[in-house]
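Just add 10 to the spot in the sequence shown (first one is 1) and you have this note's numbering.
Quick caveat, the hints were computed from the structure, so don't treat them as lab data. All values reported here derive from a predicted model rather than from experimental measurement. Beta carbons: idealized from backbone N, C-alpha and C, even for Gly. Some clues are possibly wrong.
[Claimed, not checked] When the alpha-carbon atoms are kept at most 25 Å apart in a straight line, the in silico BS3-like pairs for lysine-lysine are as follows:
hint	residue 1	residue 2
1	K235	K269
2	K269	K238
3	K272	K235
4	K272	K232
5	K238	K272
6	K232	K211
[Said to hold, decoys possible] Listed next, with one range per pair, are the computed distances between beta-carbon atoms:
hint	residue 1	residue 2	range
7	E27	T157	47 to 55 Å
8	F291	P153	24 to 32 Å
9	L70	L234	35 to 43 Å
10	L70	N221	33 to 41 Å
11	R265	N223	25 to 33 Å
12	S183	R246	12 to 20 Å
13	D184	H283	31 to 39 Å
14	S151	G303	34 to 42 Å
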Amino acid sequence: MRCGQVRYQLGEHREMELENGVQRWIVDISNWNPSPHCFSFAMSFLPNHEYSSITRFVELEDQKRALVSRLLQYALVHQVLGIPFDEIIIRRTPEGKPYLVCDNMKLAFPNFNFNASHHGDYVAIASEPICLVGLDIVSHSVPKNETAYEFVQNFSSYFSSSEWNHIMHAGSSDEMLHIFYRYWCLKEAFVKAMGTGVGYKLDDVEFHHMNWNNIFVEVAGKELKDWKFWLLDLGRNHSVCIARGQPRAATTSYRTTLKQIKFDDEEYYHGLHLPNASFTFRTVEDLIQVIYGADQVPSDISTKFDVSEDEGCERARFVQQLG
11 MRCGQVRYQL GEHREMELEN GVQRWIVDIS NWNPSPHCFS FAMSFLPNHE YSSITRFVEL
71 EDQKRALVSR LLQYALVHQV LGIPFDEIII RRTPEGKPYL VCDNMKLAFP NFNFNASHHG
131 DYVAIASEPI CLVGLDIVSH SVPKNETAYE FVQNFSSYFS SSEWNHIMHA GSSDEMLHIF
191 YRYWCLKEAF VKAMGTGVGY KLDDVEFHHM NWNNIFVEVA GKELKDWKFW LLDLGRNHSV
251 CIARGQPRAA TTSYRTTLKQ IKFDDEEYYH GLHLPNASFT FRTVEDLIQV IYGADQVPSD
311 ISTKFDVSED EGCERARFVQ QLG
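Work out the full structure: start from the sequences and follow the hints.
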């Protein structure tokens, strides 16, 4: 069945509604250098249980990535689903995949789910209304205290013979790293979509492509026709991959968080072939403004910073500093 036929049967309004569930947001944190006070202010918009996932990191750069990842999740859920900020509940499976708890919500999407990733200069999030979504960012960093060849050799067991041959015959060290990171990004997005951890047998997962387009995957030699992948280069030596796939492939722990697992062929075909949205660049200030503009801002925000209701201009100054 052609996609155009599915579009006709679903109706234009439903088509546009589902496309709104396909979101791609990204933040470049390389130029965000908040003061300790502004960092704490940004973090205070999150529920208290999220704090330890940020402060457990020693390095500021790692704390920044963790903070922006959480802000992206809450801001996207609020903006796309319209759930009041203080009613958003995000939990994580034992394997670490985030999911929305919304037992009493009637959502417009049958299987809304999202995935976040951060590495190097970027933090991003992707969401889908029907299919599973996996997202991974990799920075093509040059390894320290070892050659590119030595570094890549550490991961040889994670690749199929075909993938490994492509990596090893890349030519220059830079090109070898570039191809290595691209394959790694694809594999990570795939397993993250399913909600599994690093224990997945990655050498059974073999990616094929035509110059990194028309990407498809084989698992244990069998092509998965109900998955799609997009691999993009991101400025300053980064790659980002989006995986869109079958909800029935979710791990047991993640499957229990999904609203709908089984779809008829027509509906799933439509979800699989929804347009892949372009990434929208956001700033930390944008995310705070999305949350700050919510109907109900966390009630204790004023007491944490001794900011009274009459000091709106002072709050605005803090928000401006976040950018």
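Hints, one by one, checked against the model:
For the suggested pair K235 and K269, the alpha carbons sit about 23 Å apart, so the restraint of at most 25 Å is met. A distance of roughly 21 Å separates the Cα atoms of K269 and K238; the hinted pair therefore holds under the 25 Å criterion. This hinted pair checks out: K272 and K235 have alpha carbons roughly 16 Å apart, not beyond 25 Å. With a C-alpha separation of about 21 Å, the suggested pairing of K272 with K232 holds against the 25 Å cut-off.
The straight-line distance between the Cα atoms of K238 and K272 is roughly 18 Å, inside the 25 Å bound, and the hint therefore holds. Proposed proximity of K232 and K211 is supported: the alpha carbons are some 15 Å apart, at most 25 Å. Between E27 and T157 the beta carbon distance is about 52 Å. The supplied range of 47 to 55 Å therefore holds. Judged by the Cβ atoms, the range 24 to 32 Å given for F291 and P153 holds: they are separated by roughly 29 Å.
Judged by the Cβ atoms, the range 35 to 43 Å given for L70 and L234 holds: they are separated by roughly 40 Å. At roughly 39 Å, the beta-carbon separation of L70 and N221 lies within the given 33 to 41 Å, and the hint holds. At about 31 Å, the CB distance of R265 to N223 agrees with the hint of 25 to 33 Å. The hinted window of 12 to 20 Å between S183 and R246 holds, with their beta carbons roughly 18 Å apart.
Look at D184 against H283: about 35 Å separates their beta carbons, and that is inside 31 to 39 Å. Distance hint check: the CB atoms of S151 and G303 are about 37 Å apart, consistent with the given range 34 to 42 Å.
Of the numbered hints listed earlier, not one is contradicted by the structure.
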